[in-house]
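Starting from the known structure of chain A, arrange chain B on it as the hints suggest.
Letter by letter, the chains look like this.
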Amino acid sequence: MGTENKRAGIKGAFLNNIRKYTMLIALVGIWVIFTFLTEGIFISPRNLSNLFLQTVAVGIIAVGMTLVIVTRNIDLSVGSIAAFTGAVGAFLQVKLGWPAHSAILVALFSGLLIGVWHGFWIGYRLVPAFIVTLASMMIFRGAVMGITKGATIAPLSDMFKAIGQNYVAPNISMFIGITTVVAYIIFELTRRSKRVKYGFTVTPIFLELVKIILISAAVSAFFMILVHNRGIPYAVLLLMFLTLLFHFIAQNTVFGRQLYAIGGNPDAAALSGVNIKKRIMALYMVFGVLTAAAGIVLTARLNAATTSAGQGMELDVIAASVIGGTSLMGGEGTILGAVIGALIMASLDNGMSLMNTDITYQYVIKGLILLLAVWVDIATRKKS
Amino acid sequence: MSEYVLEMQGIHKEFPGVKALDDVTFSVKKAEIHALVGENGAGKSTLMKVLSAVYPFGTYRGNILIDGEEKKFKSTRDSEQAGVAIIYQELALVRELSITENICLGSEIASAGIIDWNESFLKAQAALKQVGLNVNPTFPVSYLGVGEQQLVAIAKALSKEAKILILDEPTAALSGEESEKLLNIIKNLKEKGVTCIYITHRLKEVFDIADRITILRDGKTIATHEKKDLDEKKLIALMVGRELVNVYPRRSHTPNGVLFEIKNWTVFDPDINKTIADVNLTLRKGEILGIAGLVGAGRTELVMSLFHTWGRISSGKVYLEGKEVSLKDAKDAIAAGISLASEDRKRYGLVLLDDIKKNISLASLEKISTINVVNVNEEIKGAEQYVAQLKIKTPSIEQKTVNLSGGNQQKVVLGKWLMTKPKILILDEPTRGIDVGAKSEIYNIINDLVEQGVGVIVISSELQEVLGICDRILVMHEGHFTGEMNFQDATQEKIMYYATGGTGEYGHGK
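Just so you know, the protein sequences line up as chains A and B, in that order. When we follow my numbering, the leftmost residue of the first sequence carries the number 1, and every step to the right adds one. When we follow my numbering, the leftmost residue of the second sequence carries the number 1, and every step to the right adds one.
Bound-form chain A, shown alone (with noise of 0.2 Å):
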């Protein structure tokens, strides 16, 4: 008994790691395939770059959108809301003539707000997030149309545009890359003795090594990638900040670890002391932040404010994060899945723009993806 227990743990482990893995398998799968289809161009350093630079403003949105979605919640309005925070700080600057960095504060600003906004009724008067986001959804395009007069406010300064189009220096890149790469190794280990320490048992140091190697390779190669087409974009630096930032918050921290528990059983969290509504007000006012910074990074990319910018970005969002293994009934999802969806979908989106595919079979073909990608996380959860 004792030890087909073990081994049925070793093959649980073994397939808890599969379904882990599993989008990640698919992103490779999906690149191989445009490599082919685009004799090549997909996988060239500066359409990579491009197209991770398209990732940011979904990315950011949805490292976030997982942290809601975990605690039983959604959010339909971060299109409409990333449209207007970038609204604000552009009119600021380019109106009013505001430094960039006092425009991008009081736009961040606005976010929080429009966040305590939502924890308000969601977390405090018990609306459903779907009825109060979707009002926000029209509110604020509405808004946007105001702040716009329905035109589109441009240019930008430079400082302004830099965040969405700048690079960081290549040989600071490098530095960039290799502190990424050592900090890592670093961390590893030290995390590794400090489990010996503690008398826990530690996996083979062999296993250990080779996974240390692996993903020090891959960290690798996308530095080098970059650093072969101009550096890092500012943009995709802030994207890879906060998403260890936040998976750091979701694993290792107080709240993070409540925001699970109340999505997994919001009673039980409760009679554990959770107190969820000023958790809910928390993330909310986190959320608005994290959108207002990506609406900021999408204007400043478009070097202008548009009335349609960020339209149908909710959905792009959420399927990002189911699409990275979010659970819909709360509880469950992870914060670099959710990087890994919305980099699905921004290859999707940019994989078949360099085919010229006609823009019918793009959503065709987007639509289905999602389907198929929940339908294979359903599927091998049910044999976990």
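Where hints are given, some of them may not hold.
Unchecked claim - If you want the footprint, here are the derived chain A segments under chain B, 3+ residues with CB under 8 Å:
#, segment
1, 193 to 201
2, 254 to 265
3, 272 to 281
Quick caveat, the hints were computed from the structure, so don't treat them as lab data. Cβ atoms here follow ideal geometry from the backbone N, Cα and C, with glycine treated the same way.
Same frame as chain A, now just chain B:
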């Protein structure tokens, strides 16, 4: 024709890595009440799921014969048509729909897709009559108590002309009186020719109603006996494979000093029009205080209201170690050292999707954190400590709690509250639906805590449990305490007297 209405022969069923059923043989005679007993995880529920085709033909090995004829059920519908009906532990009724709609659900009386409501009502009424339930069938099921809902579920099964009725722990959530009523109905059904397979942990009920008893242990059939050949002690020995010396390990405690007091506690919930009126309670250090009473007496509501998770209007004072404390929510209570393990572990206890580790640490996250960052190593250490201490059976602390048996789930909940290092531990029905072995382990854990000076309040509907482990017993009836006694003076009859509303000194006139 065979004398057996049901024969299950050589049933094997495996889950990844686990042999749930290993060559199980199970035969039931026509119109008998056949009890199926065993510890949690012995395979009782799995066997019944094989029979009712929740696990369809092909996912198990072995034969199922009904009236001597081999059956290969592909879906629960097939098994229903063959006359097998199962009443689950968790009731499978739609609370928002009416009793009629529930009874007819899945077998609607309709022509061309349009429901004939008059016929449906007649059918529902006839079915309710069979189980002796006198309620208006147009009422929503949510209006009924758990016991009555149980009867509706049985009525539903009967209306589908069930020949074999499987009852899985039907009395787990019922009060003594309701249980008795249910058992009588089952006896009546037997006289009408319905065969019953009865799964329970309450051995008293087994000896009350069963004709024959089959014991499962670790997925194997241990034995099938006529009731007259067994007694409680023998049966327990067959279930656990060893002689249990005493299920209730009585240890002498020396309570000293008042730890916790509730004074003039009054709570009202206008939604269900229920009141806890002017309740006073004192808990001493190192003491097990039992709160007995019938289901619905307000015991759960009393302790939930301390955490402000029940009731809307409350007044009264709470004193901890002589000082008044104000508890605004569960967080305050936990911080003050009061922990409450709820009666409903799936609803209020566990995050089922999460693993053992995360469930155990959930209420102590802030304790093992610096500036809100959780020390994951401390978390693992804590989880492993309680898994070992509470003897939770699991391959790893990363096992999802949804995959654990009831007894192990309950231990995870206990582990969560032990990790908060409580001064006062309130346990609401701590051993509901778990097997004898796990029960006595839980009693030992409680005794250990009390020896360390923790004050424990145990709410239990099992009289024997209250009598067996508590130092002092309070009895609640309709929202207030009607009796108090030391365990030396307590008897089942005395507790029952107060629980049913008796006042004054028991045995001294009325």
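Okay, the hints, checked on the actual structure:
Here the segment 193 to 201 of chain A counts 4 residues with a CB under 8 Å from a CB of chain B, which clears the bar of 3, and the coverage holds. Under the rule that three or more residues need a Cβ within less than 8 Å of chain B, the assignment of the segment 254 to 265 of chain A holds, with 8 such residues. Counting residues of the segment 272 to 281 of chain A whose beta carbon lies closer than 8 Å to any beta carbon of chain B gives 4, which reaches the threshold of three, so the coverage claim holds.
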